[in-house]
Amino acid sequence: QPCMHGCSEHLFEVAAAYMVGRLEQFTFRCLVMLVWAFAAVRHHDQALFRGLAIHLGPMLHTGSCHDLATVAVAFSSAGVRQDKLFSDVAQKSVSRLNDFKAQDLVSVLCSFARNGFFHRGFLEGAALAAQRLDLSACQLHNFIAAASYSRPRHHATRSAMALLLPKCSALVCNFAPEDLASLTLAVATCFCVGSKSGGEGEEAVSSQVPQEALDYFSVVARHFAEPARAGALPPRALATLAACLAAIGSVAGPATGAVDVAGALAALAGEATGLAGSMEPLPLCILLRTLPCLPRSQEACRAF
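According to the numbering used here, the sequence shown is numbered sequentially starting from 2.
Hint data in this document are derived by calculation from the structure and do not stem from the laboratory.
Glycine included, C-beta positions come from ideal geometry on N, C-alpha and C.
Among the hints, a few may not be true.
Label-pair restraints from in silico Cβ distances [stated by the list, open to error]: (1) S9 <-> L172: 37 to 45 Å; (2) V42 <-> N99: 47 to 55 Å; (3) L129 <-> G232: 17 to 25 Å; (4) S96 <-> G232: 21 to 29 Å; (5) R51 <-> Q132: 44 to 52 Å; (6) Q26 <-> H62: 16 to 24 Å; (7) G232 <-> R30: 20 to 28 Å; (8) V95 <-> V15: 35 to 43 Å; (9) C174 <-> Y19: 47 to 55 Å; (10) Q212 <-> S78: 19 to 27 Å; (11) R43 <-> D216: 38 to 46 Å; (12) R133 <-> T63: 54 to 62 Å; (13) G122 <-> R23: 31 to 39 Å.
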């Protein structure tokens with residue numbers, strides 16, 4: 002209700018003004034509840050969040066793994082970047098990774114990614130922990146998408162991918178079609194796109210596709226070679242997947258191992274032909290750029 006929303010908004014404004022100068026009076030548990038509550042209602046008072054970051058950091062060692070995840074998620078969803086706090090959360094988490102539950106682990110990594118924060122030690126340890134945990138297909142998707150977001154070609158990111166891709170291959174039928182397409186994009190971005198070196202820890206990857214990635218791409222290509230599965234993809238996911246498989250086909254050659262993408266590309270081309278008249282601009286542009294690589298390119302080009 003608008004009236005209730007106005008009242009609650011005023012309440013949080015008054016509460017923020019009152020708490021800013023009194024945060025030292027609150028216990029760690031209270032501070033965690035405060036930061037979660039203010040983030041949940043999207044009341045992102047910058048002064049309050051800066052104060053919360055200052056007071057939470059030295060107390061993180063007293064919290065649970067779930068508390069660490071809650072703090073990371075709250076600051077991330079509020080769009081308040083506090084690298085010192087995130088670094089503290091990462092360091093405290095690394096020493097307790099065996100105690101993390103799957104969702105809390107994924108939540109911390111996703112929170113870091115949303116704020117563009119990269120911590121090599123946490124990523125490497127989290128990937129090892131994720132191997133042990135029983136992650137769902139959705140959690141695996143979110144973990145890998147987050148890992149690839151900030152530094153996709155960093156060797157720590159690629160190592161994390163290689164550890165988890167066998168799990169993804171085994172669960173390929175459990176992913177939602179659009180999630181499988183975006184997952185494939187994340188993996189291709191790490192291993193198959195571009196050849197120039199990036200920042201520290203990054204290196205050329207066009208000839209260094211690990212076997213785990215090749216196996217994953219092969220599984221995905223076989224999966225979408227069935228027209229019914231290709232037809233389940235929304236237009237944007239279809240265009241993204243077609244572009245990824247085309248790139249994978251050009252990279253995975255004699256030096257790296259063969260990935261047969263022809264069947265999947267043919268199925269995707271057939272679906273794209275049927276959607277030509279109703280596709281939005283972005284997927285349309287992606288497909289037009291990819292069409293020369295598709296087995297049925299002449300037919301698809303005529304349709305477009």
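Q | Numbers of unmet hints, in rising order | A | 2, 3, 4, 5, 7, 10 and 12
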